[in-house]
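Working from the sequences, and respecting the hints, build out all of it.
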Amino acid sequence: MTGAAGFVGYHLSRRLLERGDEVVGIDNLNAYYSVELKEARLRMLHDYPRFRFERIDLADRQSMAQLFEGGRFARVAHLGAQAGVRYSLDHPHAYADSNLVGFLNVLEGCRHAHVEHLVYASSSSVYGGNTATPFSVHQVVDHPVSLYAATKKANELMAHTYSHLYRLPTTGLRFFTVYGPWGRPDMAYFSFANAIMAGTPIKLFNSGDMRRDFTYVDDVVEGLVRTIDRVAAPDPAWNGHDPDPAASSAPYRVYNIGNSDPVHLSRFLAVLEGHLGRKAMVEHLPMQPGDVPATFADVSDLERDVGFRPNTSIEDGLGRFVAWYLDYHGVRGGST
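Each number in my numbering comes from the position in the sequence shown (counting from 1) with 13 added on.
It is worth saying that the hints were derived from the structure and are not from the lab.
As the structure is a prediction and not an experimental result, all values here were calculated from the model.
Just so it is clear, CB atoms sit at the ideal spot from N, CA and C, and this is done for glycine as well.
Hints may contain errors.
[Claimed, not checked] Under the rule of at most 20 angstroms between Cα atoms (straight-line distance), these lysine to any residue pairs were calculated in the SDA-like manner:
no.: 1; residue 1: 216; residue 2: 283
no.: 2; residue 1: 292; residue 2: 273
no.: 3; residue 1: 166; residue 2: 114
no.: 4; residue 1: 216; residue 2: 199
no.: 5; residue 1: 166; residue 2: 97
no.: 6; residue 1: 216; residue 2: 102
no.: 7; residue 1: 292; residue 2: 213
no.: 8; residue 1: 292; residue 2: 210
no.: 9; residue 1: 292; residue 2: 214
no.: 10; residue 1: 216; residue 2: 292
no.: 11; residue 1: 216; residue 2: 46
no.: 12; residue 1: 292; residue 2: 208
no.: 13; residue 1: 166; residue 2: 280
no.: 14; residue 1: 292; residue 2: 203
no.: 15; residue 1: 216; residue 2: 97
no.: 16; residue 1: 292; residue 2: 201
no.: 17; residue 1: 216; residue 2: 294
no.: 18; residue 1: 166; residue 2: 98
no.: 19; residue 1: 166; residue 2: 178
no.: 20; residue 1: 166; residue 2: 146
no.: 21; residue 1: 166; residue 2: 107
no.: 22; residue 1: 292; residue 2: 166
no.: 23; residue 1: 216; residue 2: 98
no.: 24; residue 1: 216; residue 2: 107
no.: 25; residue 1: 166; residue 2: 314
no.: 26; residue 1: 216; residue 2: 198
no.: 27; residue 1: 216; residue 2: 284
no.: 28; residue 1: 292; residue 2: 217
no.: 29; residue 1: 292; residue 2: 211
no.: 30; residue 1: 166; residue 2: 156
no.: 31; residue 1: 292; residue 2: 345
no.: 32; residue 1: 166; residue 2: 258
[What the hints assert, rightly or not] Estimated spans, in silico, between C-beta atoms of each pair:
no.: 33; residue 1: 155; residue 2: 246; range: 23 to 33 angstroms
no.: 34; residue 1: 246; residue 2: 204; range: 32 to 42 angstroms
no.: 35; residue 1: 283; residue 2: 320; range: 31 to 41 angstroms
This is the structure we're talking about:
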């Protein structure tokens with residue numbers, strides 16, 4: 014498990030450990046956001062005797078090779094990456110190192126260790142300039158609008174190459190705005206909560222007229238587990254004269270994982286205010302470079318192949334997040 018100290022990596026590790034799997038987690042614990050939060054997640058994972066942690070940077074070719082040589086891994090969940098659209102505007106090399114070089118090291122490790130299945134995190138950001146919604150994995154995605162998105166698209170292309178050349182089964186999951194307890198402080202819902210509790214203004218881009226397909230983390234983990242257990246296989250109906258981007262004659266698949274219910278940021282904020290019991294101070298700002306106005310997932314392929322689609326409402330999901338947030342920070346909500 015790469016990115017084991019990260020948000021989704023932590024939750025997936027717990028789920029796999031609770032069903033009896035052995036998990037070797039790696040992470041470099043970089044300072045993109047709170048290292049203290051990452052270490053707190055790891056302390057929770059260390060309560061499980063079947064968990065082992067290695068502090069390794071994905072871009073460290075030698076360390077990654079040694080890890081795979083001694084690991085005897087049956088399956089690999091690759092969730093480690095340099096995240097963030099806006100951060101990529103000013104720190105492009107971090108994305109090349111982690112998301113491109115790092116992913117190549119994962120692919121090489123899986124190839125030489127004869128891993129049964131590689132499941133990796135892609136992103137809804139790959140849809141970029143596409144405006145036809147809901148976004149479908151059968152659409153061509155050749156117009157990224159951020160370097161982060163470009164690296165995620167590159168990951169899908171690199172995975173397909175290894176599936177084709179070495180018959181390595183790979184499955185990519187395009188995450189749609191994941192949220193929930195133990196989440197990333199740089200994400201909107203977390204930074205909104207921080208601002209509301211501190212009484213500082215929230216920056217609402219495009220005047221809140223942006224829609225996101227917010228997906229609760231437990232739903233993402235359920236999709237991941239089911240996908241890990243279903244090894245990607247060649248599609249016998251795939252046709253090179255009319256190629257389907259979501260499948261291949263190689264053991265390769267790509268799926269969306271989203272709630273399929275886009276929510277305006279303004280409504281999302283209102284639900285969060287209700288759970289926190291406090292009103293937000295709002296600063297309206299224009300759309301930022303690299304942002305897209307809306308995300309909306311078509312998850313019909315995921316539902317068809319693994320029998321699951323996310324279904325947690327933002328009311329329930331934000332309620333669980335706020336309960337964790339207040340407990341973690343040792344604070345109490347207010348009354349609106």
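Under the constraints set out in the numbered hints, which ones does this structure not fulfil?
2, 13, 22, 24
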